[in-house]
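Construct the complete structure from the given sequences, taking the supplied hints into account.
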Amino acid sequence: MQELITRAKELLADGTVSRVLGWKKGDLGWDPEPAYFDKAEELENFIYNPFCGANLSKYLIAAGKLEGTTLVFLKPCDTYSFNQLVKEHRVKKDKTYIIGVGCHGTLDPEKIRNTGVKGIADAVLEGDRVRLNTLYGDKEAAAAEVLLDRCLVCKGKTHVVCDELIGAEPGEEAGPGELAVNRFAQVEELENLPPEERFAFWQEQLSRCIRCNACRNVCPACSCLKCVFDSSQFDSNQKANADTFEEQMFHIIRAFHVAGRCTDCGECSRVCPESIPLHLLNRKFIKDIDTFYGEYQAGADTESKGPLTDFTFEDVEPGIIAERGGGR
Amino acid sequence: MYRVKKDRLTELFTSVSKVQDLFLPLRKCDQTNYGLWTPEETFDLDTLKTVKSAKDCFFPQSEVLYRCRKEDGKISIDPQQLCDRPFVVFGMRACDVKAVEVLDRVFLSDPVDSFYKARREHGTIVSMACHEPEETCFCRNFEIDPAAPGADVETWLTEDSLYWKPLTEKGEALTAAAEEFLEKTEDGDKTVEEEQTAIRGIVEKLPLSHLDLSRFKQENTMELFDSPLWEEMYKPCLACGTCTFVCPTCQCYDIRDFDAGKNGVQRYRCWDSCMYSDFTMMAHGNMRTSQMQRFRQRFMHKLVYYPANNDGLYSCVGCGRCVSKCPASLNIVKVIKKLGGEA
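Residue numbers (the working numbering), protein chains in the order written: chain A, 1 to 328; chain B, 1001 to 1343.
The hints are simulated quantities; they were obtained by calculation from the structure and are not laboratory data.
Quick caveat: nothing in here was measured; it's all calculated off a predicted structure.
Careful: at least some of the hints might be erroneous.
Calculated cross-link-like contacts (lysine-lysine; reagent style DSSO-like; alpha-carbon spacing at most 27 angstroms) [said to hold, decoys possible]:
1) A:K118 <-> B:K1005
2) B:K1205 <-> A:K25
3) A:K111 <-> B:K1028
4) A:K92 <-> B:K1235
5) B:K1028 <-> A:K284
6) B:K1235 <-> A:K9
7) B:K1235 <-> A:K226
8) A:K39 <-> B:K1235
9) B:K1190 <-> A:K118
10) B:K1338 <-> A:K9
11) B:K1190 <-> B:K1005
Printed below as a string of structure tokens:
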């Protein structure tokens, strides 16, 4: 971490960058906050640890409007979001200086609490174990149980874009240990359920939605200046579920809108206060896009056309819907 | 002081739920939230904080106020019936109990909110002491004692028993109704005292228990409002409504019409969030034009405006839900520390 601070100070001092976007120490060990650092001395509060789950890419939309270049620290998976934002002309690469930081998995405080641990003061990731310092004594947990969901299907340790790397080897592959599993496994499980059970699953999950819009606001693919759900002219408004179908509308419309652009960064599920597995909706779209248009990873580059914004004669015909629906 | 063995709680709840609605913290999909209990549901008294507070029991996130319908050229208005069924909310923590007082001052002062009043009149609150306060708790700063949570009945949950102490008429009535499950206990006071000492000991040691609120006074309103620190603090804010919707004291709402098609129009109200771009939107536009202003509004309301109008009572109870739920790890504690001169 000291290396990151030292390098940030150098880049501020020589004028390469005007500010630093990183994470700032919180009060509780597990709550670092995304933060701007304008001066070298502010960097004393900089932190990078396994609780720095927040993907800073989206903040660059706002940072890009400021004068000068912004230095940002991106984990490997965050770089996909950055590329996608560049592709969508939301962020300018030349206004950004990226330091790719090494990552060995990020932790989910909510999952730690769900193992029955109370009063977390700090946690250290050591191999496949997490050592926890709590108000009620020292505890331990298996990393696989308390990693953020995204880390369980890690895209690998490669940064798809960066100006330099610190704490990471170029080309280093695979996720943390043996954790990377088939990322579509849960989607397949849901696909295999009878429609009524699948509907019941989503109804139970989505009925907990409190319409806080955190999933939308954190999502790097949700970069509309004004969301349709924020319009006072739209009957389906932003802050209430008029009936049990309403919250499904919100999430389904959102999933459609980010289809082909979602990099599967998992921020939606990370921030959901009700722990709704929203990433599974997006991942279903990704899986279908892979099936119909060939394997595609949004944000892998900044140039290629997206599967849904391109046309080829090999594209699947609309009839596939009826076919897959069993002719209904 | 009464006692009920832990393994008889389900019987107690079943008996209560036969004559009134019973709201309990329910465990669903790895999350605990208040909900109407039926014997098929799993209650969870161990999770310290439900995701949302019990605020919904008195002031639901969304509720219909009336329905309009047009038939044969005539418009009929069908007002929503007020709550007329007694109900019990069980297991509220001291912070959430105090939050009801914050809501009362808003909704029960003139003009009285009839929907809220009806629920308050019909609801009995059974509170529960916080067996193991968490690092996110900071109720001590607001003179709330999680070892003596108050309300109509206060309870303490120990390894094998629930200790039960009625405090009000409503509490006595519920105690009488649940008599067959409650046994009078002589040594209960001692057990409860020990539990209280333990809780208060932990509270003193919590990392957020000792905040300096001295600057948050009416006479400092303009100085706090004009502070350049807001510009710095709001930046990571995503402008989502998580903090407002998990907050037990946030009381702002919006009123909207829902076009129910052939069934006419439903006028409903739903929680609003000062973090949202259309909050306080009026015909001429919106007076708060930036997220900094919206962010400032939330905390100025909690720490300055509300107390100025309510005998110094802060409209934060230190439950810590915003501390654990904010996607950007912003929260009122950071604001108190920064503006209060501690950080």
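A quick look at each hint next to the structure:
no.	hint	result
1	A:K118 <-> B:K1005	holds, 25 angstroms
2	B:K1205 <-> A:K25	holds, 20 angstroms
3	A:K111 <-> B:K1028	holds, 15 angstroms
4	A:K92 <-> B:K1235	holds, 20 angstroms
5	B:K1028 <-> A:K284	holds, 23 angstroms
6	B:K1235 <-> A:K9	holds, 21 angstroms
7	B:K1235 <-> A:K226	holds, 19 angstroms
8	A:K39 <-> B:K1235	holds, 16 angstroms
9	B:K1190 <-> A:K118	holds, 26 angstroms
10	B:K1338 <-> A:K9	holds, 24 angstroms
11	B:K1190 <-> B:K1005	holds, 17 angstroms
No hint from the list above goes unmet by this structure.
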